[in-house]
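Undergrad: Using the sequences plus the hints, can you model the full thing?
Taken in order, these protein sequences are the chains called A and B.
Numbering of the first sequence is given in the working numbering, commencing with residue 1 and proceeding in unit increments.
Numbering of the second sequence is given in the working numbering, commencing with residue 1001 and proceeding in unit increments.
Take the hints with a grain of salt, since some may be wrong.
Calculated pairs, EDC-like style, for lysine to aspartate or glutamate (alpha carbon to alpha carbon, straight line, at most 20 Å) [to be verified]:
#1 LYS274(A) x ASP1050(B)
#2 LYS1026(B) x GLU207(A)
#3 LYS1024(B) x GLU445(A)
#4 LYS1045(B) x GLU1012(B)
#5 LYS1026(B) x ASP513(A)
#6 LYS1045(B) x GLU520(A)
#7 LYS177(A) x GLU188(A)
Calculated directly from the structure, the hints in this document are not laboratory data.
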Amino acid sequence: MLRFALAGNPNSGKTTLFNSLTGSTAHVGNWPGVTVDKKEGVYKKCAEPIAIVDLPGIYSLSPYTQEEVIARNYILDEKPDCVINIIDATNLERNLYLTTQILEIDVPVILALNMMDAVEKRGDKIDASELEKRLGIPVVKISALKSTGLDKLMERAYETCKKPRVGKTVIEDSALKHLIGDVKIALEGQGVLNPTFHAVKLAELDELEVLMHKDTVNMVEAFKKTHKDEIFGDDFEALVADARYKYITKYFSPALKRKNEEKFTVTPSDKADKILTHKIWGIPIFLVVLFAIFHLTFSENLFFLGGLLPEGWVSFEGTAFEGVFGVEGINSPGVMLMGVMEVITTALSEVVSGWLSTSPEWVSGLICDGVLGGIFAILGFLPQILVLFLFFSILEDSGYMARIAFILDRALRKFGLSGRAFLPMIMGFGCSVPAMINTRTLADEKEKLATVRVIPFFSCGAKLPILTAVAGAIVMHFGVGNVDVITYGMYIVGIITALVAVILMRETTLKGDTPPFIMELPAYHAPQFKNLIMLLWDKAKHFIQKAFTIILASTIVIWVISHFDFGWNYLTDDKMQESILGGLGRLIQPLFTPLGFGSQLKAVGWVFAVAAISGLIAKENVVSTLGTLAACLISGAIIDVEADGGVGAVAIMIRETGITLPALLAFIAFNMTTIPCFAAVAAAKGEMPNKSAFKWTILFWIVTSYIVSSAVYLIGTAWWTAFIYVAVAVLVGAMIKLYNKKRSNKEKN
Amino acid sequence: MKKTLDKFSIGESGVVVAVDGERKIKRRLYDMGITSGAEIYLRKKAPLGDPIEVTVRSYELSLRNSEAACITLEVKTNA
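TA: Written as structure tokens, this is what we have:
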């Protein structure tokens, strides 16, 4: 099958073109070894089917970003039959800069002038035949958005791919011309493919090329000594970039006939930008937008209209959909969809348990509670994850995301992160899974890794029940504090943990300069429904695949060990303490002693250990496990976790185990900062560059949760231990500073 | 008059004379169209004063003050 590669700048409409060309045949994978999306699909309207590969959006073929290296290596090594270079016609000069580099490779190229509708709307004209003559490749005007010109583009691309093309460079007026010519001849002599491209890159002393052609580098170095440009000195990289832009402004820019010669006109996008990045209002507006997103995803009292409804109002009362629309308040779309999902999964469970009513109890238990219960618990998150993802995709697509990064960059730089890292972290308050996937927008690998690792510390929606149940029980049993204050305080502990962890990582294991912030701010535009839906569909597919593999396997294991004893006898729910899990709980209980909920507790103290472990499947399990176990302890007592959010169950546990107040706070802190749920672990694994990074991440979570919750417990128990922690922290900080200083001095010498 | 981009005030524009700094940052600036002769117009500064937003080659680019300090321009007098 023929293979065409789609190359172009970010925001040039590449994704839209790709979606229009490939439709439902598109599928997303990863490029080997990295987590950059690799999209492939098939175009079927030509004489033969054509595979279309969407290269990452890039500005240049320089070797400084992962995306650039991927695109460059793909065109050079995989030798596609044709490169379709899509460019944003409203921004000709910078887009053509990449074109001048692609033209140096020996591959058929066709130029797609996208967004022609916007150009024409402005009243400007582009002379395509003039461009075609200058570039020596076909040029086709298209509008990916309106799907115009696409057939013609593919027709001409199909013709083009049949004729081999030899690379050509635009660096003709430059003093480097001779050098490039000589290097090219030398490379041809060595039988190197794409000699023009490699010759130009060698002249720039491109890092990758220097490694590839060690012998030929001498030629460049020798030339460098004898030749110095009066303006650029011996910075040939600058010379080449300059030559490209000079050529573009001299020969290509005249093809654009502007109606309005004024250079800095005010567009509607500029007007929107004026408000959204306003000096005073920019940040408040952002906070409102953020709040609105969370409100629309997680609120059970949409727009706070609950007060207007009659007391005790329940939507669809008496039907299967009871409460889906809301109870004493209108549900947000996210909660509504979750309700619908719950109705469906409950119905399915009932059907299945009906079928299994005659089979042995452990079979129906395994299938209904273990398999289905596990999958449905995870699928229950899906609607909210997707809704949250949809909103953040709209932010990204509309161009507002870039502005958020712009507004917040200054504040985040203190932690060694760029403005872009803020959103994934905030998304973590909703759900870690979409938050971790969103870290793909971070260009710097180390920044991304640090961000993924701290996302779970931004306590997600599923961890909230732990907070409210334990805090509620604390107030009830000890008669101190206030649920809101405790909850709020624990959120702050999570945020501080995240920030400290980021600083530590950026100073030690993930050291690196704050990534540069030289970033295009694309014009605002309405997001595209079709693109959004395709994106959501991909995410949903990925998530469901994971739910049915890694997550399913782990829920079955947990169910089995909580329902069988060591003699493989089946146990009912209320005998969980005799199960393998119970045994293991008692075994690992001492591990939690420094955290206050280990061996110091009375007989049934292992329940806290078990609850914490069951949280690995889904954090909701922590409270429900406590509820189940509380029911076993007080035989006959009916503990409805649903009714009071688990407060009563936790209160019973406090009474039975004699756990102290600081230990309860440590328990919350542990659950907030330890390994997140399986779904999040799987998402994190997907974003890791390699296996060892993933292993270190798991270890990092365990160690962090241990340190944080033991600190909470010890300081809570004996306040003066705070001084020890502060002293140790200062000492560690000073040691790291000293070490880094020594190291950088060594590097300088 | 020549000065670096970080010293510009909002509304000022100039023509790029030279780009210095670390190789990686320099390269990124070139790739984004900041080469000698390019005209840069300072549109705005972020609410916290940094980064800044400029118009170059008819599109909007954001960069930090530290990166803007690498760019020397000949100031255009708004006659």
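Undergrad: It remains to establish, for every hint, whether it holds in the given structure.
TA: Comparing the hints with the structure gives:
With a C-alpha separation of about 16 Å, the suggested pair LYS274(A) and ASP1050(B) falls inside the 20 Å cut-off, and the hint holds. The hinted pair formed by LYS1026(B) and GLU207(A) meets the criterion: a straight-line CA distance of about 14 Å does not exceed 20 Å. For the hint pairing LYS1024(B) with GLU445(A), the CA-to-CA distance comes to about 16 Å; that is within 20 Å, so the pair holds. Between LYS1045(B) and GLU1012(B) the CA atoms are separated by roughly 12 Å; this keeps the pair inside 20 Å, and the hint holds.
With a CA separation close to 15 Å, the supplied pair LYS1026(B) and ASP513(A) stays within the 20 Å bound. A C-alpha spacing of about 15 Å is found between LYS1045(B) and GLU520(A), which places the hinted pair at or below 20 Å, so the restraint holds. Simply put, LYS177(A) and GLU188(A) have alpha-carbon atoms about 16 Å apart, close enough for the 20 Å limit, and the pair holds.
Taken one by one, the earlier hints all hold for this structure without exception.
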